[in-house]
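Residue numbering for the sequence shown follows the working numbering, beginning at 5 and increasing consecutively.
Keep in mind that the hints were calculated from the coordinates and are not lab data.
Treat the hints with caution; some may be incorrect.
[As the list claims (entries may be wrong)] Simulated restraints on C-beta separations: (1) Asp62 to Gln133: 26 to 34 Å; (2) Leu134 to Val167: 14 to 22 Å; (3) Tyr100 to Thr66: 20 to 28 Å; (4) Thr66 to Arg99: 32 to 40 Å; (5) Val69 to Leu259: 29 to 37 Å; (6) Leu236 to Pro163: 34 to 42 Å; (7) Leu35 to Asp62: 20 to 28 Å.
Where is the CB? At the ideal position from N, CA and C, for every residue including glycine.
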Amino acid sequence: MDPKAAPDSRQHALRAIDAREAGLIAVLLILAGVSWVFTAERMSGMDMGGWTDPGPLDFFLTTWVVMLAAMMFPSVAPMVTAYAKISRRRRETGRYAPHGSTALFVAGYLLSWTAFGLVAYGLYEAAAQLVPGAFAAEPGGRYAAAGVILAAAVYQLTPAKNVCLTKCRTPLDFILHRMRTGYGGALRMGMEHGAWCVGCCWALMVALFALGVMSVGWMALVGAFIAVEKMLPWKRLANRSVSAALVLIAVGIVLVPGAAPGMTM
């Protein structure tokens with residue numbers, strides 16, 4: 005065998021791996037784009053400002069899952085590609101790593117966020133029934149929204165947030181320490197990562213309910229916040245910047261509600 009051929013073959017393998025990873029990222033981004041289009045059409049005319057009624061459970065659940073794909077797939081792409089890469093390496097070395105497990109990893113991630121959405125929906129409906137009209141009343145609803153957003157800003161600075169965000173920002177560390185084989189293992193790993201992601205971003209999602217869960221504009225902003233703190237290299241700066249932005253939004257809602265799209269209650 006020509007010794008010069010070995011480096012060439014390794015370089016070809018690396019290029020092939022890079023192409024597969026790029027393809028997976030492209031699929032996630034395409035799915036996110038399609039989800040944004042679907043969400044925009046589904047929510048057309050439904051944005052009534054802060055504390056918008058999320059509608060019947062079946063409607064909310066479908067919208068919520070598609071919304072998650074739109075908001076989360078870009079920022080979860082590094083974790084998914086890391087899982088796919090390690091699974092592929094396991095297959096190449098003769099270890100068990102069935103094809104299709106990456107899809108189950110993503111499904112498990114969505115399941116964790118779906119469970120959170122159901123809890124949030126139940127709490128919203130319970131509060132709305134206990135205090136009818138409280139969310140929509142002026143200025144009570146506005147102040148309630150500002151309070152929730154300020155609470156989200158404070159959570160950004162807590163140790164719990166820091167731990168969860170660190171887990172979300174270190175895909176290889178998460179996967180190597182929690183690798184489980186088979187389809188069931190892939191689903192469980194996805195759910196575990198989803199649980200860490202919920203721990204990291206739940207306050208931002210609750211703030212989205214306060215801003216208007218049926219608002220594509222607020223969805224895009226919260227999704228951008230999540231991507232910034234998960235993907236930018238400067239974790240502390242990104243985290244603090246999101247917290248400061250939330251404070252500004254809360255203050256703006258209280259002082260100049262008409263300046264925030266959809267917040268005139």
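Cross-check of the supplied hints:
Asp62 and Gln133 have their C-beta atoms about 19 Å apart, which leaves the hinted 26 to 34 Å range violated. Taking 14 to 22 Å as the suggested C-beta distance range, the pair Leu134 and Val167 does not conform, at roughly 33 Å. Range check, Tyr100 to Thr66: about 35 Å between beta-carbon atoms, so the 20 to 28 Å window is missed. At roughly 38 Å, the beta-carbon separation of Thr66 and Arg99 lies within the given 32 to 40 Å, and the hint holds.
Checked against the hint of 29 to 37 Å, the pair Val69 and Leu259 passes, with Cβ atoms roughly 36 Å apart. In this structure, Leu236 and Pro163 break the distance hint of 34 to 42 Å, their C-beta atoms being roughly 20 Å apart. Checked against the hint of 20 to 28 Å, the pair Leu35 and Asp62 passes, with Cβ atoms roughly 22 Å apart.
In the structure shown, a violation is registered for the earlier hints numbered 1, 2, 3, 6, in ascending order.
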